[in-house]
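Add chain X to chain A, keeping to what the hints say.
Top to bottom, those sequences are chains A and X. Quick note on my numbering: the first sequence kicks off at 17 and runs consecutively. Quick note on my numbering: the second sequence kicks off at 17 and runs consecutively.
Hints were generated in silico from the structure; no laboratory data involved. Any given hint might turn out to be false.
Since copy identity is lost for identical chains, a pair holds within one copy or between any two.
Using 35 Å as the maximum straight-line C-alpha spacing, the simulated DSBU-like pairs for lysine-lysine come out as follows [stated by the list, open to error]:
#	residue 1	residue 2
1	K244	K303
2	K268	K243
3	K146	K325
4	K268	K113
There are 2 protein chains.
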Amino acid sequence: MNNDILLTPGPTPLPPQVREALGRPIIHHRTSQYRALFKRTLQGMQTVMQTKSSVICFTSSGTGAMEAAVVNLLSPGDEAIVVLGGKFAERWGALCKAYGITATTVPVAYGDAVDPKQVASALAAHPKAKAVFTTLCETSTGVVYDIPAIAAITRKSSAVLVVDAISGLLADDCRTDEWGVDVVVTGSQKGLMLPPGLAFMSLSERAWALVDQAKTPRFYNDLRLYKKALADDDTPFTSAVSIVVALDEALKLALQAGVPQVIRRCAQLAEATRAGMQAIGLTLFSKRPSNGVTAVNVPSGVDGKQLTKVMYDRSHVMVAGGQGDMAGKIFRFAHMGYISAEDVLAGLRALEEALNSLGYKVTPGAAVKAAEAVLHRSTATVSA
Amino acid sequence: MNNDILLTPGPTPLPPQVREALGRPIIHHRTSQYRALFKRTLQGMQTVMQTKSSVICFTSSGTGAMEAAVVNLLSPGDEAIVVLGGKFAERWGALCKAYGITATTVPVAYGDAVDPKQVASALAAHPKAKAVFTTLCETSTGVVYDIPAIAAITRKSSAVLVVDAISGLLADDCRTDEWGVDVVVTGSQKGLMLPPGLAFMSLSERAWALVDQAKTPRFYNDLRLYKKALADDDTPFTSAVSIVVALDEALKLALQAGVPQVIRRCAQLAEATRAGMQAIGLTLFSKRPSNGVTAVNVPSGVDGKQLTKVMYDRSHVMVAGGQGDMAGKIFRFAHMGYISAEDVLAGLRALEEALNSLGYKVTPGAAVKAAEAVLHRSTATVSA
Numbered sequence: 017m018n019n020d021i022l023l024t025p026g027p028t029p030l031p032p033q034v035r036e037a038l039g040r041p042i043i044h045h046r047t048s049q050y051r052a053l054f055k056r057t058l059q060g061m062q063t064v065m066q067t068k069s070s071v072i073c074f075t076s077s078g079t080g081a082m083e084a085a086v087v088n089l090l091s092p093g094d095e096a097i098v099v100l101g102g103k104f105a106e107r108w109g110a111l112c113k114a115y116g117i118t119a120t121t122v123p124v125a126y127g128d129a130v131d132p133k134q135v136a137s138a139l140a141a142h143p144k145a146k147a148v149f150t151t152l153c154e155t156s157t158g159v160v161y162d163i164p165a166i167a168a169i170t171r172k173s174s175a176v177l178v179v180d181a182i183s184g185l186l187a188d189d190c191r192t193d194e195w196g197v198d199v200v201v202t203g204s205q206k207g208l209m210l211p212p213g214l215a216f217m218s219l220s221e222r223a224w225a226l227v228d229q230a231k232t233p234r235f236y237n238d239l240r241l242y243k244k245a246l247a248d249d250d251t252p253f254t255s256a257v258s259i260v261v262a263l264d265e266a267l268k269l270a271l272q273a274g275v276p277q278v279i280r281r282c283a284q285l286a287e288a289t290r291a292g293m294q295a296i297g298l299t300l301f302s303k304r305p306s307n308g309v310t311a312v313n314v315p316s317g318v319d320g321k322q323l324t325k326v327m328y329d330r331s332h333v334m335v336a337g338g339q340g341d342m343a344g345k346i347f348r349f350a351h352m353g354y355i356s357a358e359d360v361l362a363g364l365r366a367l368e369e370a371l372n373s374l375g376y377k378v379t380p381g382a383a384v385k386a387a388e389a390v391l392h393r394s395t396a397t398v399s400a
Numbered sequence: 017m018n019n020d021i022l023l024t025p026g027p028t029p030l031p032p033q034v035r036e037a038l039g040r041p042i043i044h045h046r047t048s049q050y051r052a053l054f055k056r057t058l059q060g061m062q063t064v065m066q067t068k069s070s071v072i073c074f075t076s077s078g079t080g081a082m083e084a085a086v087v088n089l090l091s092p093g094d095e096a097i098v099v100l101g102g103k104f105a106e107r108w109g110a111l112c113k114a115y116g117i118t119a120t121t122v123p124v125a126y127g128d129a130v131d132p133k134q135v136a137s138a139l140a141a142h143p144k145a146k147a148v149f150t151t152l153c154e155t156s157t158g159v160v161y162d163i164p165a166i167a168a169i170t171r172k173s174s175a176v177l178v179v180d181a182i183s184g185l186l187a188d189d190c191r192t193d194e195w196g197v198d199v200v201v202t203g204s205q206k207g208l209m210l211p212p213g214l215a216f217m218s219l220s221e222r223a224w225a226l227v228d229q230a231k232t233p234r235f236y237n238d239l240r241l242y243k244k245a246l247a248d249d250d251t252p253f254t255s256a257v258s259i260v261v262a263l264d265e266a267l268k269l270a271l272q273a274g275v276p277q278v279i280r281r282c283a284q285l286a287e288a289t290r291a292g293m294q295a296i297g298l299t300l301f302s303k304r305p306s307n308g309v310t311a312v313n314v315p316s317g318v319d320g321k322q323l324t325k326v327m328y329d330r331s332h333v334m335v336a337g338g339q340g341d342m343a344g345k346i347f348r349f350a351h352m353g354y355i356s357a358e359d360v361l362a363g364l365r366a367l368e369e370a371l372n373s374l375g376y377k378v379t380p381g382a383a384v385k386a387a388e389a390v391l392h393r394s395t396a397t398v399s400a
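Here chain A stands alone, though its shape is the one from the complex (with noise of 0.2 Å):
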């Protein structure tokens, strides 16, 4: 009933392992069999994380998390520094907005990543900000920042350094402990190959000893609840158990194959993806781009609404467009998570073909000829 290619980036395509477990009886949460998976399913997240810190679970969407960061590191009036180069890092700035935290931030053009030394010169001017709020992976650009060189400024101030992983994670490399990062974030349904529904967090000692200090009002995502019923396994309210159980089965399936090995597939579908859209005369938005996503300009005379439009018609390929001043500009093609070669070839095929229809010519199978001749290598190269 669904034959849809999803190359979104999230929801994800779902493994068939994680489509049965999801489907599967209920079970009741406040048991010892429960308590066990919970507990095993925090184990893993602290693996994908690359972190030994605990690992909170929150039942919300990703943004669920962004919030229970900013109120249980700051209160109001306090200063924090926004790295702002999309979307979702203006999101961030919201949150601060809503919650009283005085932001600076650090403006990036759309589709550029920051210079870390654009973060060091503003904790130099705001040496009282109690964070910086970046991003792994900017969805909506396609950009990857270079998370440990703005660690390691970070680490020389007193501010933690907190990390939307949303998109990032299991996609990009986001060593938490090694580069020295205090706070990440992610959700369910990108890398982790789930339906949205869970989202996650991991605090160093430092982030943690802010959570006592904050004074923003804060309940549903009080860290300090999740912490203590963490003690036991548990949650303070009833998690989305159903995603918890399919979590279970997502976390067998990535560690199975290993981080490394899972980011390294990422990285080369990217790599494929870009391929492919050079192969045919397109640009790249990304001037970083990610594994994740790779966000491509739509050339110009072509409708870019009309393209993202024309492939899913034509071809039932799902790609995201752009977002805000975005829109209509830019179209994004993910390859995260369960997304296969073959969804990413199919893809490529559906966008020739979209492309030709609105009157850019490309020459028919171009751009899989020459991802598929990025994957033939990389195939080559892991196996030799």
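Below, chain X alone, put in the same frame as chain A:
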């Protein structure tokens, strides 16, 4: 792999149609198909919530919607009245405290129903109260409150009435508009026959008028963002798509039967459960028993925690124990949602066996027989 019979007041068992929907390939939420489905589910929710007001859908547990009510209606320093008769009522109190609301409590002993006159007195003593927070069915005590009487009283004041119908909806009648209830909140994992992960809220015009005035900071559950998105049949943040798709199936089942019939069926199961308990000499904890969950006193000499454990270990029937101060003193049988007459009878059979094994002697089959008599009579009445 899971033959448990869940008689817990959430999560409740899932119908096969719901399980099938949960396991479908994921669909993207920013499409006209999804918007149409989402719109249809919210219209269905209006029917089950018995209101013409728009229904808001959050991706969260029920507590997320309770929090949404507090932060969207009130400002720090505002006065409110909380009817305090159980663990979930206490959550209203905790929410008010977290957000700086001065709450006057109307104390109600666990197991008792509030006397609506107490609410009238509280409103008279606190004419500046902006909201009355109460519960349709207090899940922790199995008590259903006289909401129509409380609503009639509250309507005479300037306060809005906010009702937690998380475990009450589709079990106990909730005539939102007819009774003049301003705000109703509910969750997905009870009468709605879904996994946890979605929460819902309806607001009267009086309540919406407060939303624009409320100064409590908020973002993830800011109703102004939800209202704006609703104009496009959308949500401001990614919904738990798979549960929304399953909601569409669950609503088909509920609406096909009809809301009055669903409630009547719960009432029959509740009556049968009570008859079963009384036939073996047990007494009800609830002075005004709800249709959704029956709270029963653990007979003296029996260890209440052992009782529920033995029921599960011997018979795979899971019932809920008491919460907080009620732990070990009561146990709770749910009979809402997809819980069937057969499940209720299996629960009573398991209870008889567990009681006998723990030294409280009952005639085997006595509870089941009494319950069956009620079910037979009810069936006869319905088909007559």
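Results of checking the hints against the structure:
Taking the shortest Cα distances, K244 and K303 sit within 35 Å of each other only across copies (34 Å), while inside one copy they are farther apart (43 Å). In this assembly of identical chains, K268 and K243 lie within 35 Å of each other by CA distance solely inside one copy; the values are 25 Å within and 39 Å between copies. Taking the closest pair of Cα atoms, K146 and K325 never come within 35 Å of each other, the shortest separation being 44 Å inside a single copy and 48 Å across copies. Proximity of K268 and K113 under a CA criterion of 35 Å is satisfied in neither setting, with 39 Å inside one chain copy and 41 Å between copies.
The earlier numbered hints that this structure contradicts are 3 and 4.
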